[in-house]
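**Q** Residue strings, one per chain:
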Amino acid sequence: MPLMRTRRPCSLAALAMVNALGRHPDEIWPRLIRGDQSGFRAREDLIPGRKLLVAEVAGALPAVPDRLRQYACRNNSLTLAALEQIEKPISDLILAVGRDRIGVVMGTSTSGVSDAEIAIRHRVATGALARSFHYSQLEFGGVAGFLAELLGLAGPAYTISTACSSGARALVSARSLLALGVCDAVIAGATDSLCGLTTNGFAALQVLSDGITNPSSANRDGLTLGEGSALFLVTRDAGGIQLCGVGESSEAHHMSAPDPDGFGAEQAMRGALADAGMRPAEIAYLNLHGTGTSLNDRMESSAISRVFGVSPLCSSTKSLVGHTLGAAGAMEAGFCWLVLREPSAGEIDLIPHAYDGQLDPELVGLRLVGPGMHVPTGPVMTNSFGFGGNNCTLILARLPA
Amino acid sequence: MIPVHLRKWAAWAPGIDDVRAWHAWCAEPKELAAEGRPEASFLPALLRRRCSSLTRIMLTVAFECCGEDERAQVGSVFASRHGNINESIELLERLALQQPLSPTRFSHSVHNAQAGLFSIAAGNRRASSSIAAEADTFGCGYLEALTFLERAPESSVLLVMADVPLSAAFAGLVDEPPASYGLGLLLASDGPGTRLDFGITAGGGAAPRPRWPDALEFLRWLESPEPHLALGAGLRRFEWAKPSKA
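From first to last, the protein sequence lines are chains A and B.
Residues in the first sequence are numbered from 1 upward in steps of one, following the working numbering.
Residues in the second sequence are numbered from 1 upward in steps of one, following the working numbering.
Be aware that a few hints might be false.
Claimed, not checked - Covered, in the sense of this in silico footprint (three residues per stretch, anywhere, with C-beta under 8 Å from a C-beta of chain B), are these stretches of chain A:
#1 80-91
#2 133-141
#3 155-167
#4 186-200
#5 244-254
#6 362-376
Keep in mind that the hints were calculated from the coordinates and are not lab data.
The beta carbon of each residue, even a glycine, is placed where N, CA and C say it ideally should be.
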C-alpha cells in the first residue's frame, strides 16, 4: 500500500445511482463491466426533424410527494429514484448526528427545464404558463432545496452549476463543509435530465453524434447525451472508500471549447495528485472525461501524457451511459467507487472503454481498458471538464480504517 | 464560528455606483430600481457587446474588488438565485416555436457563464464555482467561498452575488421585490481587513423576510455598528458577527 497523505478522512460512505443502465448500482455495475451499450434509445421529439440516440432512464419514476408539489419535475423524480436506495443509511445518520448537522450539495446543469419547456409551450400557445408549473422546479437552487425540504435537513443546502463539472464540484464542496465543521455529514451528488434545451443547444454547437458516441476513435463524431442521478453520503469516517484528492482549474480560454493544449485539464489532474500526496504512477485507473469530440479527446490525452508520462489505464464511460452533463462528475465518481468497492484477491476490475477499436492516431500512448481487465488495487482518478472552462479532477482510494 | 477577513467590498445597483452612494444608501435605504446596467467600460468592446445586464453587474463588482494582479490570482464564487434563467426562457420560447437555437446564446445561458467570462476577462485560471440556493443564495454563496479558503488558505477568494428581475414570462412567480443589484466581497483567511465570523444554525420557523436582498442587508450591517446579523427565513439561519476589538 503506498503511503498516502490524506488531510482528513472524507468517506464516501454510501452510493445511490440511476442511469440508462439501471436503477441501482447492483444492476448497473455488471452492465458497466460488460461494456453494455444497450441503454441508448432513439427519440424523435427532442430536436425537430432529427432522430437522436440518447441514454435515457426508461420507465416510471417515483412521484414527488404532494406536500412538495412545487418541486415536482422529472429531474427531482430522478433524484428521488436514487435517494430511495439510501433511505436507511440516511435515517440512521439523522438519528446519529441530527438534522441540523447534515448538509446537501447537488450539481445540475438542467434542473427541471424539461418541465419548464412544457410550461413555456403552453404559454406560447395560450398566453399563460401551465398551471402545474412552479418556479422551484426550474431554479437551480431547487435541486438541493428539494432534498433538504424532503428530509427536513437544516444544514446548508445549495446547488452547484458549473456545466459538466457540477457533480464533481459538489463532492469537492461536501469535503470542505466537513473539514470546516459546518456539517457532520453531507448528501452530495448530482442529477441531470434529458430536455429539449440541452439537446438543441448541443446540436447548435454541432457536437452531437449521430449514433452512440465513439470516444478516442479515429471515426468519432461527437457526444451522445444521457441522464441520471448519483448521490453519495459523505462523512468524516476513516477508512473505506475515501475522496483523497481534488484538483480544480479555470481555462481563461473560451465559453464552449477547451484550450486545445489541455493546460486546464493538466492543472486539475496535477492539483488532485498534489492534494492527495500521490505520484502519478500510483493511479490504477483513470475515468476519462472522454466526451467523444475531437477537441476534448485530444486535449485530454495530451494533458494525460504530460502529467503521467506513461498513461494509466483509462476508459470513458460516456459510450455506456451517455454524457449526463451536470450529473457526469458525480456519476463517474460513482463508477470509480464501484471499481473500488469489492477488490478480489487484491485486484480491481476495470470498466472497458467501449468504442469501435480504431484509436485516433493522435492519441498515441493513451492506454485504454480492454474487456475483462483487472489490475492490483490502487487509487483511481476521474476527470470532469465543463463549459466556461471549469475543470475538476477527483481521486478516490480505498483506505484502511 | 468560522473567522474570515474581508479585504474589500464593491456593490452596484442602478444609480448607486460608488462607495459614497452606498454609504448614503446604507444609512437611509430607498427603493431599488428594477432595471439598469453598468457601463463596464473596462471590458473589451467585443466582449462587452455580448454581456447581459447580469454579466455586466457581476464583472463590474468583481473587477472593482480586486486589483489587476489579484484579479488573475483569486479563487471565485459566483452566486445568483436566478442566474441566466431569463436567457434560458428566451431559448425555450424559440424551441416552443420550433426555431433553431444560437450556439453562442446557448453557451452563454449556463449558470457559470459569468464565471467563465470573468476567467477570460481577468486571465484567471484558478478554481471557480457558481451556485444557487433559492432564497438562501447569499448565505450559501458566502459558505461556498469559505470552502475555497478551506482548500487554499493562502489564496483570497472573490464572492460575487448578483441578480436581476425575472422576465415577464415568470414575473410574479417569486415572492421578492424586483431589483437589479450586485455585491462583491474579497475574502481571505488572514491578513488585513475586517474580521467577520460566520456560522449556520437551524432556523426557528418562519422569520419575517427582510426588506432588502440578503446581500444588501449584509452590506447595511457591515456599515453599521451592529455586532450581529442573522439572515434566512427557512430551515436554516446564517449568522455573522464582528468580533469586538479588545
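**Q** Look at each hint and say if it fits the structure.
**A** Here's how the hints hold up against the structure:
For the region 80-91 of chain A, the assignment as covered by chain B is violated, since 0 residues bring a beta-carbon within under 8 Å of that chain's beta-carbons and 3 are needed. For the region 133-141 of chain A, the assignment as covered by chain B holds, since 7 residues bring a beta-carbon within under 8 Å of that chain's beta-carbons and 3 suffice. Judged by the Cβ-Cβ criterion of 8 Å, the region 155-167 of chain A is covered by chain B as claimed, because 9 of its residues qualify and three suffice. Check result for the region 186-200 of chain A against chain B: holds, 3 residues qualifying (beta carbon to beta carbon below 8 Å, three or more required).
Only residues whose C-beta sits within less than 8 Å of a C-beta in chain B count toward coverage, and the region 244-254 of chain A has 8 of them, enough to reach three; the restraint holds. For the region 362-376 of chain A, the stated coverage by chain B is violated: 0 residues have a C-beta nearer than 8 Å to a C-beta of that chain, whereas at least 3 were required.
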